[in-house]
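Residues in the sequence shown are numbered from 4 upward in steps of one, following our numbering.
Source of the hints: derived by calculation from the structure; they are not laboratory data. You can trust all of the hints, since none of them are fake.
List of simulated lysine-lysine pairs, DSS-like, C-alpha gap at most 27 Å: (1) Lys181 to Lys214; (2) Lys145 to Lys174; (3) Lys5 to Lys145; (4) Lys389 to Lys63; (5) Lys326 to Lys316; (6) Lys145 to Lys247.
Now the in silico label distances, taken between C-beta atoms and shown as ranges: (7) Lys326 to His245: 49 to 57 Å; (8) Arg241 to Glu405: 40 to 48 Å; (9) Pro192 to Lys214: 35 to 43 Å; (10) Asp220 to Ala404: 36 to 44 Å; (11) Glu18 to Gln92: 23 to 31 Å; (12) Gln398 to Pro426: 16 to 24 Å; (13) Pro251 to Pro182: 37 to 45 Å; (14) Gly80 to Gly416: 46 to 54 Å; (15) Tyr299 to Thr424: 28 to 36 Å; (16) Val329 to Ala81: 51 to 59 Å.
For every residue, glycine included, the Cβ atom is placed at its ideal position computed from N, Cα and C.
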Amino acid sequence: MKDVLTIIMAGGRGERLLPLTRDRCKPAVPFGGIYRLIDIPLSNCVNSQLYKILVFTQYKSQSLVDHLEDGWNIFSGALGHFLRIVAPQQRLGEDWYRGTADSVRQNLYLIERERPKHVLILSGDHVYKMDYGIFRRFHEEKDADVTVSLLEVDRATASAFGIAQVDADLKICGFQEKPADPTPMPDDPRKSLASMGIYLFRTEVLLRVLKESRYEDFGRDIIPWLVREGNAYAYPYRRYNHIKDDVPVYVPSVGYRFQREDPTRDSSYWRDVGSLDAYWNANMDLTGLNPFFNLYGRRWPIRGLTRQVPPAKFVFARHGSEKQRVGTALDSVVPHGCIISGGVVRNSVLSYNVIVNSWAEVDESVVMDNVEVGRRCRIKKAIIDKDNVIPPDTQIGLNPAEDRKHFVVTPRGITVVPRGTFPRA
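From just these sequences and the hints, can you work out the full model?
So this is what it looks like as structure tokens:
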């Protein structure tokens with residue numbers, strides 16, 4: 004993979020994730036307790052032996068830059084490895100990036116300087132595991148100018164994606180970006196083939212198209228043009244992606260034990276966390292006995308910034324009384340620094356340094372860094388952003404109509420509390 008240059012698009016505003024993106028860009032949004040969204044594609048790169056990475060930033064990028072500098076300084080320049088953060092530079096005029104393709108055009112000199120054989124384009128805010136080595140082999144076997152990773156989605160939701168039509172050899176014969184009436188699959192009228200926003204280009208083709216056109220977006224402009232004029236192929240993600248890993252699996256009458264999965268259950272998993280409901284769903288997929296997306300694999304680890312904080316602690320063990328007071332977490336992710344002090348956490352994902360005080364209940368929620376949940380609070384189906392001290396007896400998520408007076412409530416009924424809504428007194 005030494006001749007592949009990876010570009011991660013990390014400049015999205017993430018407007019549908021507001022208020023979580025009020026102070027940060029979308030790839031910098033916390034995920035899974037201890038990670039940021041960008042840690043997922045970066046981990047896939049390292050696990051696929053891709054060590055030449057450019058991260059294109061634009062909006063509200065400071066927290067992302069801090070995270071990358073603190074947590075991803077693992078690349079050896081002496082070996083030709085790098086992770087470079089590329090800010091907009093207005094090298095071709097006074098405009099900022101006008102689209103994904105335009106952001107690459109404005110930085111073509113970085114590709115020409117590196118002279119890779121292939122350029123891999125990724126999004127910085129999707130949740131999945133992918134072996135890009137298999138993707139590259141497919142691309143070369145088809146002698147493709149560009150290969151687009153696709154997966155089947157329900158036609159009812161397909162208008163949010165780029166939709167492809169393919170022939171029997173998987174050559175793309177039609178492509179529409181976010182069509183109002185998505186084309187169904189020939190063998191299943193309820194499904195459409197959606198682009199995952201993962202593209203592998205032959206470098207000379209990418210350079211030629213960007214230099215000879217003013218196209219601004221890959222999905223809207225570049226891919227349809229190459230479908231007409233070039234050699235574009237579809238990579239069926241769920242058919243070919245194959246992750247081999249040692250993961251903890253719960254076995255009835257035995258308990259948890261590590262065992263080899265080949266392929267893993269989450270080899271076919273992919274989520275675009277473009278909305279608050281999708282973000283909440285992706286976090287909930289991490290909980291349970293055998294989660295849909297497994298963070299605990301040893302051969303395909305998810306990496307990120309590790310903080311120096313003490314272990315999690317669970318205190319109070321008063322059973323069998325009217326005021327039972329037991330610090331408990333069930334089917335949940337609880338990172339370092341958390342103190343569950345006589346409260347109960349169920350089916351939730353906590354981040355660093357969360358305190359849940361006595362008789363409080365947190366259910367089916369995502370709670371970010373430095374949140375204190377007061378005594379007797381009840382929180383259900385909520386996303387609590389960082390730096391909140393929730394007063395005792397507060398209820399969040401139990402009455403959506405009341406919550407809408409103060410917070411964002413999603414179509415699914417998830418209540419979202421912005422950062423610093425409940426400041427420390």
